[in-house]
Amino acid sequence: MRANFFKSKSINKFFSIAGSHELFTSIEDISDDNILRLCSTKDISWIDQRYPSKPLLSYRHDREFDRCLETWTISLDTPLTFLSSRKNGLVSVYDAGCSDDGLFRMASPPYSLVPGSGNWGRYAGQTFLQQPLTNATKTSLSLVRLSERGSVQCYDLFSDHHKESPVSVLPSGDLQANFSDFSKLPPDPGPLGVQELSGPGLFQLLSNDVELDEEEQHGAASALMERLPSYWEKEDVPFETMLTTYDIAFRTSVEPGQASRADFLAGCVLNSRQGYRAFTEGRLPMVSLESGALWHHNIAPTLTCLDGTLVSNIGELEELLHQYDLADGTDRSSTSVRLESTAREQLVLDMALSCDVFSSQSFSKSQDAGQALEVMTEALSLEDEPPPVSFGYLRPVQKEPVEDGPEDFTSPLGVRLLLKDWDIGSDPEKYVYLDVYDGSTNSQPVRRMTHTQPTEISATPQVSQVPPQILPSTSAFLPRNTVGFGSQQNLASGVPTWSQELVASTQVLPGAYGGRPGKKKGGKKRVGGF
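Going left to right, the sequence shown walks through residues 1 to 530 as this note's numbering numbers them.
Hints were generated in silico from the structure; no laboratory data involved.
Heads up, none of these hints are tricks.
As a list, the in silico EDC-like pairs of lysine to aspartate or glutamate whose alpha-carbon atoms are at most 20 Å apart:
#: 1; residue 1: Lys420; residue 2: Glu385
#: 2; residue 1: Lys87; residue 2: Asp43
#: 3; residue 1: Lys54; residue 2: Asp29
For each label pair, taking beta carbons as the anchor points, the in silico distance ranges come out as:
#: 4; residue 1: Glu290; residue 2: His322; range: 29 to 35 Å
#: 5; residue 1: Leu347; residue 2: Leu434; range: 50 to 56 Å
#: 6; residue 1: Leu306; residue 2: Glu64; range: 56 to 62 Å
#: 7; residue 1: Arg338; residue 2: Ser222; range: 22 to 28 Å
#: 8; residue 1: Asp423; residue 2: Ser291; range: 25 to 31 Å
#: 9; residue 1: Pro412; residue 2: Glu290; range: 36 to 42 Å
#: 10; residue 1: Asp156; residue 2: Glu64; range: 26 to 32 Å
#: 11; residue 1: Met242; residue 2: Leu347; range: 18 to 24 Å
#: 12; residue 1: Val114; residue 2: Pro187; range: 38 to 44 Å
#: 13; residue 1: Ser31; residue 2: Pro109; range: 21 to 27 Å
#: 14; residue 1: Pro187; residue 2: Arg105; range: 31 to 37 Å
#: 15; residue 1: Arg338; residue 2: Pro109; range: 54 to 60 Å
#: 16; residue 1: Met242; residue 2: Asp423; range: 23 to 29 Å
The C-beta atom is built at its ideal place from N, Cα and C for all residues, glycine as well.
Given the sequences, and given the hints that come with them, work out the whole structure.
Printed below as a string of structure tokens:
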């Protein structure tokens, strides 16, 4: 906002808006209190004309973007600022002005005036009227509006005369005597006082329960060590399932009714100090588990390849984890050191229990000479029917049992024809495919694709030492077409008899059905003269 005085040609900048999407909508005249009231699409500002660069008060009215917003300031007991718009009937009242101490403040929060009879629509204009004729002792205020249809509406604005007076409380003698007792009472925490236990108490209670459980699990861990070697003798050993050492320990202990696929997240008896002590002392019966399983493999070298920070020797893993210890200081308590050591031991134990993988079923190997001869004999006796398919580890199972039928699963004929030439355990790169429908084709082993560098082409062309072969000269003329004297013409003629070839032509031809119009005939010229 700028001001241009008649006595001076200069322009003074009073106040500006920082936002690019904000516009001034109204400005009032300077009142008796030297306050200038500005309204924009976002705020209402009260500015002292002596210091226009910084508003005394700016209030966000939270109205939608409206260019019709305007303010009206009426001085009753105190100056009241009314915010309204021609697009709706909502009127907001702001009781802002100078107080007795000389400071500019807002006496009460803003409030709204609800129009009568639900007149929220648009109107053409409005004004505020002070009518001292209705009440000689006190002026009243009326809001007069002109609707878009030409009707005039008047609203009398008034406030409740029964204002709340300041309340003063005088304590009695008995109340003053109890003030000393009131100061000794604990503060009221409100709804938080309903809680029964606090956070530190719960943590201490949890730590005590863990220590009690470890003492109770000491005997259970020893009993588990004795039952581990006889695990493979159980009748409910899972078939076609690979188990780690932790899975075997989990199923040997008290197993839940329904085993889930996330059993490695659940705890067992070995997840304790006694389990770690048994691991470090070598009391885990790993040799018995390996001898009882039909297949065993240690994946520690594989984990080392996937993560270079790990070591294949689980015993050295504890020394490696010391690099993640907290810094020692005077502030650390013995509980913190003990928890850190326990967490490190449990991580080492979890890694040790997950490195060995066992299976109650072995991998099938390729058939020996005797079995191969037997299969070939059966194939010949079945009129060239392919032999049954032998699987390595996983075997198909029928979804629904067949009544009065064989229990063994038999592969379809197409599957057996496809896999009859494949031996279990053979190298895929050395496989030779023989096409039974084309006996003349010499099949070669399937080789892996390798990237070869392109050969460099010499700039000087190489001249062949062998002279080019001289071909016999032939006539460049077409043979003459002999005309027959039969009843029908010879259709197998080498020379076409039509004017255009039966191929797509790139030239656009004129005509009625061509791609471009023909040339128009010129009109007759009019000849004038004598």
